[in-house]
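Single-letter residue listing:
2 protein chains.
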Amino acid sequence: MEKWRRSERVVIITKYLLEKPNTLFSLNFFAELFQSAKSSISEDISIIRDVFREFTLGKVETLAGAGGGVIYSPLVGPREKDEFLQEIAEKLSDPSRILPGGYLYMTDIIFDARLAQKVGEIFAQHFIELEPEFVVTIETKGIPLALMTAKALNLPLVIIRDGSRVTEGSAVSLNYVTGSSRNIRTMSLARRALPTESRVVIIDDFMKAGGTAKGMVELLAEFKAEVLGIGVLVDTELPEQKLVPNYYSLLKLSKVDEIERKIMLHPHC
Amino acid sequence: MEKWRRSERVVIITKYLLEKPNTLFSLNFFAELFQSAKSSISEDISIIRDVFREFTLGKVETLAGAGGGVIYSPLVGPREKDEFLQEIAEKLSDPSRILPGGYLYMTDIIFDARLAQKVGEIFAQHFIELEPEFVVTIETKGIPLALMTAKALNLPLVIIRDGSRVTEGSAVSLNYVTGSSRNIRTMSLARRALPTESRVVIIDDFMKAGGTAKGMVELLAEFKAEVLGIGVLVDTELPEQKLVPNYYSLLKLSKVDEIERKIMLHPHC
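Residue numbers (UniProt numbering), protein chains in the order written: chain A, 1 to 269; chain B, 1 to 269.
Certain hints may be false.
It does not matter which identical chain is meant; a pair holds if it fits inside one copy or across any two.
Once the Cα atoms are required to be at most 25 angstroms apart in a straight line, the calculated BS3-like pairs of lysine-lysine come out as [as the list claims (entries may be wrong)]: (1) Lys15 with Lys81; (2) Lys91 with Lys20; (3) Lys224 with Lys214; (4) Lys20 with Lys81; (5) Lys3 with Lys59; (6) Lys3 with Lys252; (7) Lys214 with Lys242.
Simulated from the structure, these hints should not be mistaken for lab results.
Put together the whole structure using the sequences plus the hints.
Structure below.
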């Protein structure tokens with residue numbers, strides 16, 4: 001007789017899969033955990049896979065063979081994605097978010113762990129096919145989105161520092177010009193933070209002219225990294241010509257009107 | 001007949017609970033989702049509760065009555081916590097982490113999403129009884145741990161900025177002296193980031209003399225906030241007398257010996 005009932009086993013397996021997205025668990029692992037036959041575990045996993053598919057809660061894949069097992073990948077269905085981005089767009093369009101100088105206050109949204117997690121899952125789903133090895137961002141506001149992307153992809157996160165800090169050993173620094181305000185700034189990345197010739201995706205919160213993104217690409221070139229893609233939560237309609245050729249943005253900011261107190265911001269189609 | 005089998009329902013309910021820790025779900029919510037009787041849902045939840053307890057995977061509580069429902073709180077059992085902290089301590093004790101000046105390279109550990117999540121769950125479990133309303137940290141390295149603590153507690157995260165930035169509107173700034181290197185620095189917090197008289201916990205990665213923590217407490221006093229507690233991943237044995245009276249630390253750094261290439265770092269008992 002099985003020690004644990006099916007309804008108990010599926011709860012525990014679900015918990016393990018969700019805690020470690022994009023991580024392979026062997027059937028043996030669960031068979032030993034429950035002192036159960038592999039055939040029973042295999043049926044448990046089929047149930048989880050089918051019901052996740054039915055409710056669009058993520059993808060559960062089984063891999064056959066000796067190196068086989070089960071992997072969970074977060075999945076944000078098209079309808080859920082649309083509704084979610086619409087919800088963020090509405091929150092960000094609140095006129096009380098207009099700051100002096102025509103800036104938009106986004107910090108509370110970016111640092112909301114649940115929203116950040118969902119954004120991270122959307123980025124993960126978009127970039128996973130490119131098989132990145134690292135997620136890269138620049139401090140500060142890119143961090144929550146990049147951390148959640150890294151979590152969903154089961155990858156390490158690498159932080160480019162704004163300025164140059166002493167606590168990370170030898171580092172490569174780059175002076176760059178911010179695309180919009182034309183300020184000269186410095187960014188740096190510790191040598192030990194990223195092996196050379198890594199495959200990376202860049203995640204950030206905001207892109208205007210793309211000067212920061214361009215700087216990151218150039219800094220990463222010093223590490224011989226291959227930049228597979230760039231994901232940002234919000235980009236601006238203007239300037240139309242960005243300093244980086246390709247990127248994936250979720251929301252487009254068309255206008256912040258300080259006088260009329262109006263924000264135009266919408267999900268990308 | 002029920003549309004969904006028990007083994008299917010418990011998978012979905014588990015997913016909902018884990019995605020939103022410390023959030024109340026009514027039984028009606030699940031009854032409607034599955035077009036199922038509330039009595040069936042109630043039994044489903046009992047199964048989840050019991051098996052979570054059995055495997056020390058978290059606390060599932062049911063609240064009776066009209067406002068009732070079910071809540072999941074992450075729980076890191078004493079043995080799991082010990083093993084986890086021992087694992088981090090060993091990683092951090094690798095002599096290759098010694099940086100010039102006797103600093104310790106911790107960034108990759110702090111920015112590992114899974115380790116950060118576990119640390120966040122340990123902090124959440126420690127501070128939840130104090131009923132905080134906000135988690136507060138200072139950029140940059142405190143962010144992942146604080147974000148994961150906020151997620152586990154289902155609370156907003158507030159970031160104190162290092163320096164003063166233009167993109168967040170009116171802010172309160174404070175000059176403070178770092179406890180160890182005696183540098184004068186500025187930290188600032190946007191007025192809109194935190195309502196006055198909030199109940200907060202402070203989370204950070206590292207504490208040496210406690211100058212930064214003291215600065216945060218003073219800055220938060222300008223917001224009439226009540227600081228219920230301070231949690232740090234690593235504190236140093238010296239100086240013994242910290243600038244803040246009370247805090248909760250997970251790991252103690254006793255020594256970084258640059259010449260002997262030796263690090264002494266252990267979990268707090």
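To see whether the hints hold, each was checked on the structure:
1. Lys15 with Lys81: both (23 angstroms within a copy, 18 angstroms between copies)
2. Lys91 with Lys20: between (30 angstroms within a copy, 20 angstroms between copies)
3. Lys224 with Lys214: So Lys224 and Lys214 pass the 25 angstroms test inside one copy only (15 angstroms; across, 42 angstroms).
4. Lys20 with Lys81: Intra 22 angstroms, inter 18 angstroms, cutoff 25 angstroms: intra and inter.
5. Lys3 with Lys59: This pair counts as between: shortest inter-copy Cα distance 22 angstroms, intra-copy 28 angstroms.
6. Lys3 with Lys252: neither (54 angstroms within a copy, 41 angstroms between copies)
7. Lys214 with Lys242: within (9 angstroms within a copy, 43 angstroms between copies)
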